[in-house]
Amino acid sequence: MDTIFPQMKDMLSFFFFLKDQPNITVTNEEMHVLVEYYSMLFRKAAHADNFYKKEICQGIILSLFYEFYNLYRHKTPHIDVTENRKEEVFEQFLRVLSETFRKERSVNYYANKLFLTSKHLSRVVKEISGKTAGEWIDDFVILEAKALLRSSERSIQEISEALHFANQSFFGKYFKHHTGMSPKEYRRQ
1 MDTIFPQMKD
11 MLSFFFFLKD
21 QPNITVTNEE
31 MHVLVEYYSM
41 LFRKAAHADN
51 FYKKEICQGI
61 ILSLFYEFYN
71 LYRHKTPHID
81 VTENRKEEVF
91 EQFLRVLSET
101 FRKERSVNYY
111 ANKLFLTSKH
121 LSRVVKEISG
131 KTAGEWIDDF
141 VILEAKALLR
151 SSERSIQEIS
161 EALHFANQSF
171 FGKYFKHHTG
181 MSPKEYRRQ
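According to UniProt numbering, the residues represented by the sequence shown are 1 to 189, in order.
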């Protein structure tokens, strides 16, 4: 598994919706179901000796997400998830990014995929999120690199290849530039 949550592209619309519609009323029964997921997640995360702890926790988090999503869909079916064009562009950018960040780190690539200029994409992304498109790309790559360094037995060379860096040295410089430490130092923490 090369990513923390491979279903992330399916979740983006929901997160944009939550940004503007953060409250719904839930019944005691619905709250009980959500609390059960949280309790189970907490219990499973506390077991250090479970070989599949990460995968189990991912499954619980994903299930919890879908429970939330189901509640929102049933309680607010009339609300359009994407309210305006800029948010739609940002959402599309994140979807393409979540699918291709391991191979592509150029803002121009993402702009071309969305039939926009790099300048327009960068302006919209910055306006909606407060971060540039380049920062989003770097954040995705670094988050994935950190996850792979912490949770896999892959060598740094293998991680470098999985993220499509030209070589391990370039990956190391990129990682150090963004985190202040080498991949090896990060893994040892």
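Just so you know, these hints were derived from the structure itself, not from any lab.
Warning: the hint list may mix true and false statements.
Stated by the list, open to error - Subject to a maximum C-alpha distance of 20 Å in a straight line, what follows is the list of computed EDC-like cross-link-like pairs (lysine to aspartate or glutamate):
hint	residue 1	residue 2
1	Lys103	Glu36
2	Lys113	Glu153
3	Lys53	Glu30
4	Lys126	Asp139
5	Lys184	Glu127
6	Lys119	Glu88
7	Lys54	Glu144
8	Lys126	Glu91
9	Lys86	Glu127
10	Lys86	Glu30
11	Lys173	Asp139
12	Lys53	Glu153
13	Lys54	Glu36
14	Lys176	Asp138
15	Lys131	Glu104
16	Lys126	Glu88
17	Lys176	Glu161
18	Lys53	Asp139
19	Lys113	Glu87
20	Lys54	Glu127
21	Lys146	Glu127
22	Lys75	Glu55
23	Lys131	Glu87
As the list claims (entries may be wrong) - Across the chosen pairs, the derived CB separations fall in these ranges:
hint	residue 1	residue 2	range
24	Glu135	Gly59	29 to 35 Å
25	Ser39	Arg187	28 to 34 Å
26	Lys184	Asp49	22 to 28 Å
27	Arg43	Asp139	29 to 35 Å
28	Lys44	Arg187	42 to 48 Å
29	Ser151	Ser129	23 to 29 Å
30	Ser106	Ser152	34 to 40 Å
31	Thr25	Ala162	41 to 47 Å
Glycine is no exception: its CB is placed at the ideal position from the N, C-alpha and C atoms.
Broken hints, numbered, in rising order? 1, 2, 3, 5, 10, 18, 20, 21, 22, 28 and 30
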